[in-house]
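There are 2 protein chains.
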Amino acid sequence: MAPSEAGAKVQPGVLLARGVCRMVAAHGLAGLTEMPLANGRRADVMAVDRTGEISIVEVKSSIEDFRADHKWPDYREFCDRLFFAVPETFPVELIPEDCGLILADGFGAEIVRPAPEHRLAAARRKAVTLRFAHLAALRLQRLVDPAITAEAAW
Amino acid sequence: MAPSEAGAKVQPGVLLARGVCRMVAAHGLAGLTEMPLANGRRADVMAVDRTGEISIVEVKSSIEDFRADHKWPDYREFCDRLFFAVPETFPVELIPEDCGLILADGFGAEIVRPAPEHRLAAARRKAVTLRFAHLAALRLQRLVDPAITAEAAW
Chain A
-1 MAPSEAGAKV QPGVLLARGV CRMVAAHGLA GLTEMPLANG RRADVMAVDR TGEISIVEVK
59 SSIEDFRADH KWPDYREFCD RLFFAVPETF PVELIPEDCG LILADGFGAE IVRPAPEHRL
119 AAARRKAVTL RFAHLAALRL QRLVDPAITA EAAW
Chain B
-1 MAPSEAGAKV QPGVLLARGV CRMVAAHGLA GLTEMPLANG RRADVMAVDR TGEISIVEVK
59 SSIEDFRADH KWPDYREFCD RLFFAVPETF PVELIPEDCG LILADGFGAE IVRPAPEHRL
119 AAARRKAVTL RFAHLAALRL QRLVDPAITA EAAW
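First to last, the sequence lines map onto chains A and B. Quick note: the first sequence uses the working numbering, first residue -1, plus one each step. Quick note: the second sequence uses the working numbering, first residue -1, plus one each step.
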């Protein structure tokens, strides 16, 4: 199946998240989509670098999508840097200035404005990293061995 | 393909590791096979529990396999608990008493002797957890999106 055919069948946000994950991987960071947070929210993409720094990327495929989300400041408590990823057609002036900005499509992404750092406390970083490790390993195990049906513990 | 046909094509150690990973998942821990350690060794299975406790399971499919490995004490530096997993036919008296013992086959496993705890220092635990998180997420990303070809950073 050609990429365009595959793309026609999925949500725009899912495609943008794929582009973000490719960029994240190309930079040597580990990325994970749909990462549940302890406050009940779910980060579209979480990325962890080699030093343990944690970024969250919220993907907004349209103005409506962006405006429907009033709780995005909640993500800040769970990362060192917060980005929005939007398509090139998105009016980027809507994105808050104190967040990083990523332009994305289904095949890749580019950081056009870095995100200011707000360092996590050590205990929070430890908890988020452990949850990330668990979720990634459990998802991997379920793909590798369909007999494994365990859900993430949290 | 029936499980027995699939089993005939893989190494015995790989099958035992699969059984160990099923047990690990059933207990709500996150497992990862072939986990590289900072000392150049590679753990057959690493498991992380909800509190961040790290276990390593070394899989030995035969006496020869066990005797060929003189460096297993090196694994202890990278975990809180060290286990050996062997098939039921293995003479378990060969397994050192200060290690846990798991009986495994390709479909599951059971802890028959718990492993004594030797707590990791905080910095080492942090480094191992971060490496585990990275490797699990990168492997998952590569399975989900074949366009991602990044190797684990370490």
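Fair warning: there could be bad hints in the mix.
All copies of an identical chain are treated as equivalent in the list; a pair is satisfied when it fits inside any one copy or across any two copies.
[As the list claims (entries may be wrong)] Each computed SDA-like pair below joins lysine to any residue, with the alpha-carbon atoms no more than 25 Å apart:
hint, residue 1, residue 2
1, K124, L101
2, K124, P85
3, K124, E62
4, K124, R74
5, K69, V110
6, K124, R48
7, K124, G106
8, K69, D143
9, K124, R79
10, K124, G50
11, K124, L35
12, K69, R39
Bear in mind the hints are in silico, worked out from the structure with no lab data behind them.
So, going through the hints one by one against the coordinates:
{"no.": "1", "hint": "K124 <-> L101", "in the structure": "neither (30 Å within a copy, 32 Å between copies)"}
{"no.": "2", "hint": "K124 <-> P85", "in the structure": "neither (32 Å within a copy, 36 Å between copies)"}
{"no.": "3", "hint": "K124 <-> E62", "in the structure": "neither (35 Å within a copy, 40 Å between copies)"}
{"no.": "4", "hint": "K124 <-> R74", "in the structure": "both (16 Å within a copy, 22 Å between copies)"}
{"no.": "5", "hint": "K69 <-> V110", "in the structure": "within (23 Å within a copy, 48 Å between copies)"}
{"no.": "6", "hint": "K124 <-> R48", "in the structure": "both (14 Å within a copy, 12 Å between copies)"}
{"no.": "7", "hint": "K124 <-> G106", "in the structure": "neither (29 Å within a copy, 31 Å between copies)"}
{"no.": "8", "hint": "K69 <-> D143", "in the structure": "neither (36 Å within a copy, 29 Å between copies)"}
{"no.": "9", "hint": "K124 <-> R79", "in the structure": "both (16 Å within a copy, 20 Å between copies)"}
{"no.": "10", "hint": "K124 <-> G50", "in the structure": "both (9 Å within a copy, 9 Å between copies)"}
{"no.": "11", "hint": "K124 <-> L35", "in the structure": "both (13 Å within a copy, 20 Å between copies)"}
{"no.": "12", "hint": "K69 <-> R39", "in the structure": "within (9 Å within a copy, 45 Å between copies)"}
Checked against the numbered hints given earlier, this structure breaks hints 1, 2, 3, 7 and 8; the rest are met.
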